[in-house]
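Counting in the UniProt record's numbering, the sequence shown runs from 1 upward without gaps.
It should be emphasised that the hints constitute simulated quantities derived from the structure, not laboratory data.
A portion of the hints provided could be inaccurate.
[Claimed, not checked] Label-pair ranges, simulated between beta-carbon atoms: (1) Ala145 x Glu34: 38 to 46 Å; (2) Gly73 x Ile30: 45 to 53 Å; (3) Arg104 x Trp41: 17 to 25 Å; (4) Arg31 x Ala64: 42 to 50 Å; (5) Lys74 x Leu14: 23 to 31 Å; (6) Gly101 x Arg31: 52 to 60 Å; (7) Ala50 x Arg88: 21 to 29 Å; (8) Asn92 x Leu52: 14 to 22 Å; (9) Asn139 x Trp44: 37 to 45 Å.
The beta-carbon is built from N, C-alpha and C at its ideal position, and this holds for glycine as well.
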Amino acid sequence: MLEWYRSSRRNAVLTGAVAFVIMVLGLTLIRGGELAWMQFWFVWAILVLASLGVYASSRATECAVGAEWLKVGKTWVRLYELTSIKARVRSNAIHIDLKDGAGREVKVSTSALQEDRDIWDLVYNGILHSVVAGHATTNGMVHSALQVPRPAPAQ
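All chains, full assembly: derive it from the sequences and hints.
Dropping the structure here:
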């Protein structure tokens, strides 16, 4: 099985536009409602560049997944050979850092993976197998946010 996902251009443009509006409103509020700052061209240039950065970062996610592997950008890992799984909050989303037995590492937002249900199912099954059967090291957020069960203690 092979699944592929690339962030939509429409959502990236919308995200960049919303970021621009929020920055304009925030700057206006910081200046006490004064609009005098709008006459300076370099402020507009900074706002446009920041908005383009937001656009580029939300457009950048491209991932593919097979039955046993996940590829994000140019990096990939074997999902059933994960040795380390860490989850953390970055900006407004949960990101996971996956490392396999060969030392390959992928860092990706769970929201990007969950855009396509089939991709998320394959990745989650690999994470689940690596934790329960492979004894991958994890942090608490993997278990709480992703609802991955903790492995049974060794007897």
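Requested in this report: Enumerate the violated hints, using their earlier numbering and listing them in ascending order.
Outcome: Of the numbered hints, 2 and 3 do not hold.
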